[in-house]
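Colleague: Here the protein sequences come in this chain order: A and B. Sequential numbering from 3 applies to the first sequence in the numbering used here. Sequential numbering from 5 applies to the second sequence in the numbering used here.
Please note that a few of the clues may not be correct.
To be verified - Simulated restraints on C-beta separations:
#1 A/D410 - B/P28: 42 to 48 Å
#2 A/P54 - B/R50: 42 to 48 Å
#3 A/D318 - B/T9: 48 to 54 Å
#4 A/K12 - B/S76: 54 to 60 Å
As the list claims (entries may be wrong) - Below, computed lysine to aspartate or glutamate pairings styled on DMTMM-like, alpha-carbon distance capped at 25 Å:
#5 A/K12 - A/D379
#6 B/K34 - A/D219
#7 B/K29 - A/E422
#8 B/K29 - A/D379
Keep in mind that the hints were calculated from the coordinates and are not lab data. Think of the CB as a built atom: it goes at the ideal place given N, C-alpha and C, for glycine as much as any other residue.
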Amino acid sequence: MPPAGLDNLKHIVVLMMENRSFDHMLGALTAQDNRIDGVTNNFSNPDMNGDPIVEQPLAEFQSQLDPDPDHHFPGVDLQIFGGVPPGPGRVANMQGFVKSYYQQQQNVAQSHKIMYYFPSKKLPVLTGLATQFAVFNGWFASIPGPTICNRAFAHYGTSFGQVGMNIFEWKGPYLSIYQRVLLAGRTAKIYYYDGPSSTMEIVNILNNQPKIFGTFDQFLKDCNKGELPDYSFVEPNYNDHDGDSEAEAASDQHPDHHVQHGEIFINKVYNAIFSNEELWKTTALLIVYDEHGGIYDHVKPPDCVADDDAFVAGPDKTETGASFAFDRLGVRVPAVLVSPWVPKNTVIPGPYQRNGRTFDHASIPATVMKFILKDFDPNTLSPANRQKFLAQSKREQAAGTFLDLLSDNRQPDGDLPSFEVQ
Amino acid sequence: MAKATAKPITKARQRRVVPIPEPPKEAFDKDRPAGKLLQAQAVHLRHALARYVQRVARHLHKVGDLLAMDLSTIKTEGQVSEYAEKVTAILHKPTSNRKRK
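Can you make the complete structure from the sequences, with help from the hints?
Modeller: In structure tokens, the structure reads:
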């Protein structure tokens, strides 16, 4: 008999934000709960003068990380390995973040800001949900690289060998998780914020599967009416633009967008689900960031199983002089699982801790597949469709899943936080 | 854009209130230079649009004849169905979930 939380589960919602590291957003929580693997006084990065720069609680909502910190493959390689070139026996040391940021402006004082983090009180929504529900100590970007390839892992369980932002074409045999859910006769949707913001899932998904898209306004309506699909992926507003009646500020938290707008957006998603009682007790919401955005985190990204043989990025793509077999994860990012069935104040240990677990964005389609297979028999599909439905990349096959975090006991509504803009 | 709002919470489901501050109006700046992500998004959108046009263009030689057709010459149900089949094939394909090779 599965736990009541899993038995009740009817909807999975994923909200993917942009470009912030774990230490930067959630690291301050270590001061109030030492199970959370965040900021201590033990971590530093050398600056160009050789001085050790420690993490400091001086992060600002806006106008601080300008220029946008490098988070493309060679930049992240420098951040993780401190400038040691690829070669046998190379070990991650997380010593190149300040050096990497310095290279962008040759400004020593500015380079120190890559080590700044937010005091918990400045991010009441994200830290409030993290401490009320479950926070992952070991959720990593799928690739030590930028947005598009990392988001591909959330949709396909692979990036088909891509490590950058270039247009890439679906190569098969792996279907998007939306196609797989639809094959099973279930429902799935990507909700982008609005037309001017559009989506980041363009060339392969929007171009070929336009019917699975909706706007955030539709998401709110679907929550109200109890018509949320089995699986939903929510995208924040990616740019500042004029709306129908008011200014629409970017809510993705990508530097240099104002972080508080992202806090308000996260709350809107949480609140939309909570406000429908039936939906609230049958939904698991994962809030996760696509990658670290070049901002410091102290946990060394672990090795992982290599992706399919066909998906290897050559030296021309990595720009590091070496190939990449997708056998190492990217930098750690914030990830929080929200559900009334998650025990209060759950901390999921990371890979270097006792009973540690590792997750990355391939964990999203892997988990959705487990959810669908809970009460769907793929043998009801034709042989060709069954083969397509069950095809998973090596990375997705090996990815950790998180439905086991749903328990038998439901948190009472009265104990939960209600975030109100004042 | 988001005109819909969450359902009002009933008294029985009241939660503890945590205040969050309103961001300043100056945070909004639509003249902010677009970063690499947004520039890449525009490239991807144009690529997708070009592919959409290519898909439509495959049918252009048929469209010309069908648009120029004198509809008064369509007299029978069979003639209507022939015309409907050709036009529907053109209109439906660009937005359908294409089967992949």
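Colleague: Could you work out which earlier hints the structure fails to respect and list their numbers in ascending sequence?
Modeller: Number 8 only.
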